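First to last, the protein sequences are chains A and B.
The first sequence runs 1 to 251 under full-length UniProt numbering.
The second sequence runs 1 to 251 under full-length UniProt numbering.
Since the hints were made in silico from the structure, they are not lab data.
Everything numeric in this text was worked out from a predicted model, so none of it was measured.
Some hints here could point you the wrong way.
Said to hold, decoys possible - Beta-carbon label-pair distances, calculated as ranges:
| no. | chain 1 | residue 1 | chain 2 | residue 2 | range |
| --- | --- | --- | --- | --- | --- |
| 1 | B | Ser84 | A | Arg131 | 13 to 21 Å |
| 2 | A | Ala52 | B | Pro24 | 47 to 55 Å |
| 3 | B | Arg53 | A | Gly55 | 44 to 52 Å |
| 4 | B | Gly155 | A | Ala81 | 19 to 27 Å |
Idealized CB from N, CA, C, for every residue including glycine.
Number of protein chains: 2
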Amino acid sequence: MTDVRDEGRATAAVGGPEPSDKAPMREALIEAAFQLFLVHGFERTTVDDIVARAGVGRRSFFRYFPSKEDVVFPEHERCLAEMSAFLTTSTDGEPLDVVCDAARLVMRMYAANPEFSVQRYRLTREVPSLRGSELSVVHRYERTLAHYLRQRYAGDDAGALRAEVQAAAVVAAHNNGLRTWLRGGGQGDAAKAVDQSLIFVRQTWGGVGESAERSTAPAPAPEDDVIVLVAPRSAPIWRVVQKIEKTLGDG
Amino acid sequence: MTDVRDEGRATAAVGGPEPSDKAPMREALIEAAFQLFLVHGFERTTVDDIVARAGVGRRSFFRYFPSKEDVVFPEHERCLAEMSAFLTTSTDGEPLDVVCDAARLVMRMYAANPEFSVQRYRLTREVPSLRGSELSVVHRYERTLAHYLRQRYAGDDAGALRAEVQAAAVVAAHNNGLRTWLRGGGQGDAAKAVDQSLIFVRQTWGGVGESAERSTAPAPAPEDDVIVLVAPRSAPIWRVVQKIEKTLGDG
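Please put together the full structure from these sequences, using the hints given.
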């Protein structure tokens, strides 16, 4: 059930190799849990059912997972740690591009095992307590990204606001792309789906740099070169934009 | 404890008048619960403690609140209903301005009772299960706004993506402003704090229309009048903004 891989990215958490000798038991528990959830439903499956099917003791379950909900999201802790590590070393580059790259780590975790990801997506939509767990983990990703952006924007007026809004926008766009892929049964290219959504966020804030080249955003045509106007430094940018839009006929 | 009001906006949920004769018991339960939470903590207070202090039966508690968590957020259901009703009737106007106005309904609910809101904010930060409840309700607001925007953008390419990203941005900005106000002990002007954050979202997408006039954005001084040059219609607005920012010395 958990042996579908993508580009060899399958990892320790689901079906992949794990350096520690504890991995087989953890995997067996995840596999047993999902087999039971799919047949009997999440609510009607108990931890006792899971350990019986996996052939291990109850204590072993709780060594790996704090609760039954956690067995459904076995890789998020590691992915959060990877994201933090990636951000800690990413002190250069456009801040928004960096957090888009960080968000892609989540997509890659899902893409590493399409079948498991699609099963979990369907399960999560049906079980309220799992939706709660998922909201909580999504919130932690968002906070991690916002924390990074706040540091990068330290000293800017309203840097914290910009950081929080952009982090929320990146997470929303990422999840929009990921959901498109999941709804398609995990058949297509998850990276493409997510990148197509993330480009909207980067276009929104005008930052289409190096990462954009990799993405699917249409490059501006040469005739799109604009004439630059000069305004007093104190002019709020939105007023400039408003007038331009009016002049261009959008207003 | 719950008698601090703001601009007469206090409502049935917390300390205000209620047409139904059930209100006093509901209010008594909320008041008793918060007195106990503040003294003994949320976790150590039981529903039995709350009903004993309020002088009502256990069944009465569950008639008003599905769980102990729900007594902490007594007004969100009504606010969600108000938001939906507001959006249903708001078929005109810039979609982004409409959802900003809808988000302000949440701020007003908090501002209606600053003392209660600040107490709850402090309690929620300390109790993980309350943070979970709060995340869940924030998500419902975000979905409500996204649903509205999706309908308004129906037919647009990537309308759903735009709707979800903008709804997330509006919620993040709203909560940033609200948190600023709550951290200040609910002393200042909640509307001003939230509007100052929301203006960033509306500037981001270039739409600063009628609502901006009502908001607290500083009015531009006359000498801020800008000179507008004309760019080709096909120029993406972000490139125009990027160049302006560079010219003004921000880039």
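The hints, checked one at a time:
no.	hint	in the structure
1	B:Ser84 / A:Arg131: 13 to 21 Å	holds (20 Å)
2	A:Ala52 / B:Pro24: 47 to 55 Å	holds (52 Å)
3	B:Arg53 / A:Gly55: 44 to 52 Å	holds (50 Å)
4	B:Gly155 / A:Ala81: 19 to 27 Å	violated (42 Å)
In summary, the structure is inconsistent with hint 4 from the numbered list given earlier, while agreeing with all the others.
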